[in-house]
Amino acid sequence: GDSVTQMEGPVTLSEEAFLTINCTYTATGYPSLFWYVQYPGEGLQLLLKATKADDKGSNKGFEATYRKETTSFHLEKGSVQVSDSAVYFCALSNGDKIIFGKGTRLHILP
Amino acid sequence: GAGVSQSPSNKVTEKGKDVELRCDPISGHTALYWYRQSLGQGLEFLIYFQGNSAPDKSGLPSDRFSAERTGGSVSTLTIQRTQQEDSAVYLCASSYYSRRDSSYEQYFGPGTRLTVT
Numbered sequence: 001g002d003s004v005t006q007m008e009g010p011v012t013l014s015e016e017a018f019l020t021i022n023c024t025y026t027a028t029g030y031p032s033l034f035w036y037v038q039y040p041g042e043g044l045q046l047l048l049k050a051t052k053a054d055d056k057g058s059n060k061g062f063e064a065t066y067r068k069e070t071t072s073f074h075l076e077k078g079s080v081q082v083s084d085s086a087v088y089f090c091a092l093s094n095g096d097k098i099i100f101g102k103g104t105r106l107h108i109l110p
Numbered sequence: 111g112a113g114v115s116q117s118p119s120n121k122v123t124e125k126g127k128d129v130e131l132r133c134d135p136i137s138g139h140t141a142l143y144w145y146r147q148s149l150g151q152g153l154e155f156l157i158y159f160q161g162n163s164a165p166d167k168s169g170l171p172s173d174r175f176s177a178e179r180t181g182g183s184v185s186t187l188t189i190q191r192t193q194q195e196d197s198a199v200y201l202c203a204s205s206y207y208s209r210r211d212s213s214y215e216q217y218f219g220p221g222t223r224l225t226v227t
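As given, the protein sequences belong to chains A and B, one line each in that order. Take the first sequence: its position 61, counting from 1, is numbered 61 in the working numbering, and each next residue is one higher. Take the second sequence: its position 33, counting from 1, is numbered 143 in the working numbering, and each next residue is one higher.
Next up, chain B with everything else stripped away, as it sits in the complex (with noise of 0.2 Å):
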């Protein structure tokens, strides 16, 4: 079936410029998680979202930053006044509750690369 898929894969905008990073999870999946990866760092947890619970935002770097799930499925993640320490690969995940190991499993979707010039 069909995996997490992110749009766009790449994107190059300009120092303060506001870009939209979107994410389509699995159907049927109720978690989504956003992390940013700097080039050669491991994986900095930004925002996750549980059906239709309140987003947990802990992992946000600043107030430029923001995102939303609507209708439970589509997310998108807004960068605000890009900086160029902003420059990273930014992923998304969705994830599933396995009653036959009574556990949850990531899916990660391919991130989108995000260069500020």
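Next up, chain A with everything else stripped away, as it sits in the complex (with noise of 0.2 Å):
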């Protein structure tokens, strides 16, 4: 069936360091490919998405590249903050159901 695999944490890193989140699916057909992001004592929400092969999302100064060719949908950004430690998840939607990665906590110090 549909999976999605993320890398695990938890990820640490310094402020203003280069940050890659890696997520790998494995799916029938065309699934949309999506990064959720949970803030400390928050619920989940929507971060970026991707609905077809080389597109970008993008948001918050965060982008992933939907990769067909090798089934991944990587997180990266170019400079994190303090502010960006979160759990992030990678998901998939293949129809109406959505299956989600176990999440990668990541923690950015000062």
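Don't read these hints as lab results, they were simulated from the structure. All C-beta atoms, glycine included, are put in the ideal place defined by N, C-alpha and C. Please note: incorrect hints may appear among the correct ones.
As a list, the in silico EDC-like pairs of lysine to aspartate or glutamate whose alpha-carbon atoms are at most 16 Å apart [to be verified]: (1) Lys52/A <-> Glu63/A; (2) Lys52/A <-> Asp211/B; (3) Lys167/B <-> Asp96/A; (4) Lys121/B <-> Glu195/B; (5) Lys68/A <-> Asp54/A; (6) Lys68/A <-> Glu16/A; (7) Lys97/A <-> Glu195/B; (8) Lys56/A <-> Asp211/B; (9) Lys97/A <-> Glu215/B; (10) Lys102/A <-> Glu124/B; (11) Lys52/A <-> Glu215/B; (12) Lys97/A <-> Asp166/B; (13) Lys77/A <-> Glu15/A.
The following label-pair restraints were derived from C-beta to C-beta distances [unchecked claim]: (14) Gln194/B <-> Thr5/A: 38 to 48 Å; (15) Ser148/B <-> Gln81/A: 22 to 32 Å; (16) Thr227/B <-> Tyr30/A: 41 to 51 Å; (17) Glu16/A <-> Tyr207/B: 33 to 43 Å; (18) Arg210/B <-> Thr28/A: 21 to 31 Å.
If you want the ones that stay clear, here's a sample from chain A, every Cβ over 12 Å from chain B, calculated [what the hints assert, rightly or not]: (19) Glu15; (20) Glu63; (21) Gly78; (22) Asn94.
Taking the hints as your guide, dock the two standalone chains into a single complex.
This is the structure we're talking about:
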């Protein structure tokens, strides 16, 4: 069945460092891909999405490109801030059901 | 507009008691999902409603868990005879189909933190 695999955390970086959180997927057909973020004490919120191959989703300085050839949707940010500390979930939608990865906790040190 | 709301935000209950958790989805969203998130863990899918179709209950961990969705809108998750391992944050989400980009997008509520003592 469809699945999402993302790198295990926690990931700890210093402020202004470059961030990559890897995400790969297994799916039939052409799923939509998402990154959700969960800030401490809050619910999940959509960060960005891409709905077809080679699309790039972007928001708040984060980017991810839908790579069908490598079945990947890696999350990147050029310069992280302390306020980016959160848990990040990669997800795919193939039809109306959404499948989440296990989440990656990110700590940014000042 | 209004987002997904859940109530209560916090619930403390004694082991063996029944609890009901409520979710109000975004108006017009046809799909509704319940997830459980234990401390420091990922999302555990529980149940999914889509329109008038039979719900997908494949994620419910035991027969103590049940959920219903009345009138295609509000949903209630019921846990009977609660156990300590039921302690978690219970998240609800609703979604709609975006014709613009042919995809579903989930909107989450803030969650209900359940503590079983």
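Open item on the list: Check the hint pairing lysine 167/B with aspartate 96/A against an upper bound of 16 Å on the C-alpha distance.
Closed with: holds (15 Å)
Task: Outcome for the supplied range 21 to 31 Å, where the beta carbon pair is arginine 210/B and threonine 28/A - done: Holds, at about 23 Å.
Open item on the list: What's the verdict on lysine 102/A and glutamate 124/B, does the C-alpha distance respect the 16 Å limit or exceed it?
Closed with: violated (30 Å)
Task: Range agreement (Cβ of threonine 5/A with Cβ of glutamine 194/B, hint 38 to 48 Å) - done: For threonine 5/A against glutamine 194/B, whose Cβ atoms are near 31 Å apart, the range 38 to 48 Å is violated.
Task: Hint consistency between lysine 97/A and glutamate 215/B [alpha-carbon to alpha-carbon, up to 16 Å] - done: OK: lysine 97/A and glutamate 215/B at ~10 Å, within 16 Å.
Open item on the list: lysine 56/A and aspartate 211/B were given as a pair; does the straight-line alpha-carbon distance stay at or below 16 Å?
Closed with: It holds: about 13 Å lies between the C-alpha atoms, which stays within 16 Å.
Open item on the list: For lysine 77/A and glutamate 15/A, compute the direct alpha-carbon distance and say whether it is at most 16 Å.
Closed with: Measuring from Cα to Cα gives roughly 11 Å; hence the hint holds.
Open item on the list: Does glutamate 195/B sit within 16 Å of lysine 121/B, going by the straight-line distance between their CA atoms?
Closed with: holds (14 Å)
Open item on the list: Beyond 12 Å on every Cβ pair: is that true for asparagine 94/A relative to chain B?
Closed with: violated (10 Å)
Open item on the list: Beyond 12 Å on every Cβ pair: is that true for glutamate 63/A relative to chain B?
Closed with: holds (17 Å)
Open item on the list: Run the distance test for lysine 68/A versus glutamate 16/A: straight-line Cα separation, threshold 16 Å.
Closed with: violated (30 Å)
Task: Satisfaction of the hinted span 22 to 32 Å by the C-beta atoms belonging to serine 148/B and glutamine 81/A - done: holds (28 Å)
In terms of the numbered hints stated before, the structure departs from hints 6, 7, 10, 14, 22, listed from lowest to highest.
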